[in-house]
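Student: The residues making up each chain are set out below.
There are 2 protein chains.
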Amino acid sequence: MVTGMGRAAARLSHGERTRREILDVAVQLGATEGLEGLTIGRLADAVGLSKGGTYAHFGSKLSLQLATVETALTQFQEEVVAPALQHPPGVEQLRAFTDGYFAYLERRRDRGGCFFTAAALEFDDRPGEVRDALRAAVEARDAVIKGALGAAVEAKELPRTTDVDQLAFEVAALCVGANVGHQLLRQSDALERARRALDARLQQLSYAALERRRK
Amino acid sequence: MVTGMGRAAARLSHGERTRREILDVAVQLGATEGLEGLTIGRLADAVGLSKGGTYAHFGSKLSLQLATVETALTQFQEEVVAPALQHPPGVEQLRAFTDGYFAYLERRRDRGGCFFTAAALEFDDRPGEVRDALRAAVEARDAVIKGALGAAVEAKELPRTTDVDQLAFEVAALCVGANVGHQLLRQSDALERARRALDARLQQLSYAALERRRK
DNA sequence: TGACAAAACAAACGACCGTGCGATATCCAT
DNA sequence: ATGGATATCGCACGGTCGTTTGTTTTGTCA
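Top to bottom, those sequences are chains A and B. Just so you know, our numbering puts 34 at position 34 of the first sequence, and the rest follows in order with no gaps. Just so you know, our numbering puts 151 at position 151 of the second sequence, and the rest follows in order with no gaps.
One should not assume that every hint holds.
A pair counts as met if it fits within one copy or between any two copies, since identical chains are not told apart.
[Unchecked claim] With a straight-line cut-off of 20 Å between C-alpha atoms, the simulated SDA-like cross-links for lysine to any residue are:
{"hint": "1", "residue 1": "LYS156", "residue 2": "GLU21"}
{"hint": "2", "residue 1": "LYS146", "residue 2": "GLN187"}
{"hint": "3", "residue 1": "LYS61", "residue 2": "GLU33"}
{"hint": "4", "residue 1": "LYS156", "residue 2": "ARG201"}
{"hint": "5", "residue 1": "LYS61", "residue 2": "GLU157"}
{"hint": "6", "residue 1": "LYS146", "residue 2": "LEU185"}
{"hint": "7", "residue 1": "LYS156", "residue 2": "LEU49"}
{"hint": "8", "residue 1": "LYS146", "residue 2": "GLU192"}
{"hint": "9", "residue 1": "LYS156", "residue 2": "SER50"}
{"hint": "10", "residue 1": "LYS51", "residue 2": "ARG107"}
{"hint": "11", "residue 1": "LYS51", "residue 2": "THR162"}
{"hint": "12", "residue 1": "LYS146", "residue 2": "ASP189"}
{"hint": "13", "residue 1": "LYS61", "residue 2": "GLU36"}
{"hint": "14", "residue 1": "LYS61", "residue 2": "PRO127"}
{"hint": "15", "residue 1": "LYS146", "residue 2": "GLU157"}
{"hint": "16", "residue 1": "LYS51", "residue 2": "GLU21"}
Source of the hints: derived by calculation from the structure; they are not laboratory data.
All chains, please: the whole structure from these sequences, using the hints.
Tutor: See the structure below:
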């Protein structure tokens with residue numbers, strides 16, 4: 001008795017494995033067709049299952065959408081955030097994050113671009129759990145930026161007077177701007193432009209700090 | 001014979017008037033629910049017509065979507081672009097444009113935000129006439145920015161060495177960044193931050209120009 | 001191997017989708 | 001006032017949506 005499904009017991013149950021396969025495909029389809037446009041029937045076809053079998057893993061479309069957002073967030077944390085956090089906090093960590101994000105954009109160019117930017121703008125006017133989850137994800141991304149910037153100020157890489165929130169807003173804007181240029185307008189140099197803008201902004205701040213220190 | 005419908009003859013035919021009413025509602029619904037999620041039945045309900053009667057004005061959903069994009073573009077030109085072009089070309093015109101755009105965002109906060117940002121990110125992976133139209137609209141917006149910046153360089157408000165395309169990218173990024181902050185994250189200061197970032201960037205360039213001239 | 005739970009399937013449901021069509025109502029020129 | 005074009009309606013179609021249900025396959029442990 002008691003099949004031992006104590007959640008951490010079974011390494012990876014059969015059901016859990018296919019559930020993850022479904023969600024991997026769902027993240028891709030969701031980024032291209034939208035989270036609402038993503039259909040259970042098409043998702044089932046894409047993963048090679050029946051509609052009913054696919055549906056049974058979630059029980060409702062809302063639950064599927066939430067699980068998809070969560071999966072995309074996990075992927076993003078692994079692909080972009082975690083590697084960036086390996087670098088020492090400060091300007092270097094910020095650059096590691098933005099470079100990682102731009103690489104993420106490049107990898108996903110033919111798979112719908114940044115999952116969160118697309119989904120966030122789709123749901124920004126649709127109250128509900130999905131929007132809340134997306135908002136939390138975007139805010140988590142901003143927190144990483146703010147963390148790196150705060151450390152940079154603390155390490156005196158940036159002037160003590162730096163408005164971290166303001167600068168974080170600008171960095172986030174460059175990220176989403178790069179997304180639009182890269183994904184919709186297909187500008188080949190969008191990522192490079194974002195990089196250059198960030199460079200210029202950081203250099204300006206350091207320069208201003210030097211000037212101020214000189215007096 | 002020849003009912004005299006020479007396109008510019010009739011002041012505003014009955015059909016044309018309701019067609020415009022439909023499209024006005026379509027722009028609003030499209031910004032909140034997405035251009036694909038926008039449904040002919042719901043659109044008809046919202047405007048108080050029958051589904052068939054509404055549909056007859058366009059003949060296909062694609063045609064409705066294209067007309068909706070065109071209507072939104074016309075509104076944007078009237079609300080934002082035209083007033084900006086009243087100002088003398090250069091930095092002042094650029095500020096008039098961005099301020100007009102931010103006011104446009106504020107007006108539409110409860111109506112789906114910027115129609116083009118939302119629609120562009122929805123269709124950036126869906127080839128077809130709708131995407132082409134949206135791409136053209138976004139590029140037209142960028143052209144306004146570049147035009148003002150080019151004039152600013154010509155009028156020596158910005159250094160001769162200014163990379164206009166680079167700066168235009170940054171301005172566009174601030175616009176879409178303001179959109180995300182304002183619409184999804186509901187940051188009350190998103191528009192102000194975008195304004196401040198633009199100020200700082202322009203001031204930096206002018207300052208660098210002064211420095212260079214001093215030598 | 002046999003029993004039992006988990007997983008996947010096939011079929012069906014009501015609702016709504018885009019679309020087409022004939023009937024009706026409304027407008028305008030004569 | 002009336003006839004013909006124009007505009008709107010009401011209904012129906014095939015298809016797909018999310019969801020439910022009952023059955024069959026698959027996997028696992030005694």
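Student: With reference to the structure, classify each hint as holding or not holding.
Tutor: Here is how each hint holds up against the structure:
| no. | hint | result |
| --- | --- | --- |
| 1 | LYS156 - GLU21 | neither (46 Å within a copy, 58 Å between copies) |
| 2 | LYS146 - GLN187 | between (28 Å within a copy, 15 Å between copies) |
| 3 | LYS61 - GLU33 | both (15 Å within a copy, 17 Å between copies) |
| 4 | LYS156 - ARG201 | within (16 Å within a copy, 22 Å between copies) |
| 5 | LYS61 - GLU157 | neither (47 Å within a copy, 55 Å between copies) |
| 6 | LYS146 - LEU185 | between (29 Å within a copy, 16 Å between copies) |
| 7 | LYS156 - LEU49 | neither (56 Å within a copy, 64 Å between copies) |
| 8 | LYS146 - GLU192 | between (22 Å within a copy, 18 Å between copies) |
| 9 | LYS156 - SER50 | neither (58 Å within a copy, 66 Å between copies) |
| 10 | LYS51 - ARG107 | neither (29 Å within a copy, 43 Å between copies) |
| 11 | LYS51 - THR162 | neither (54 Å within a copy, 56 Å between copies) |
| 12 | LYS146 - ASP189 | between (26 Å within a copy, 16 Å between copies) |
| 13 | LYS61 - GLU36 | both (9 Å within a copy, 18 Å between copies) |
| 14 | LYS61 - PRO127 | within (16 Å within a copy, 26 Å between copies) |
| 15 | LYS146 - GLU157 | within (14 Å within a copy, 33 Å between copies) |
| 16 | LYS51 - GLU21 | within (14 Å within a copy, 40 Å between copies) |
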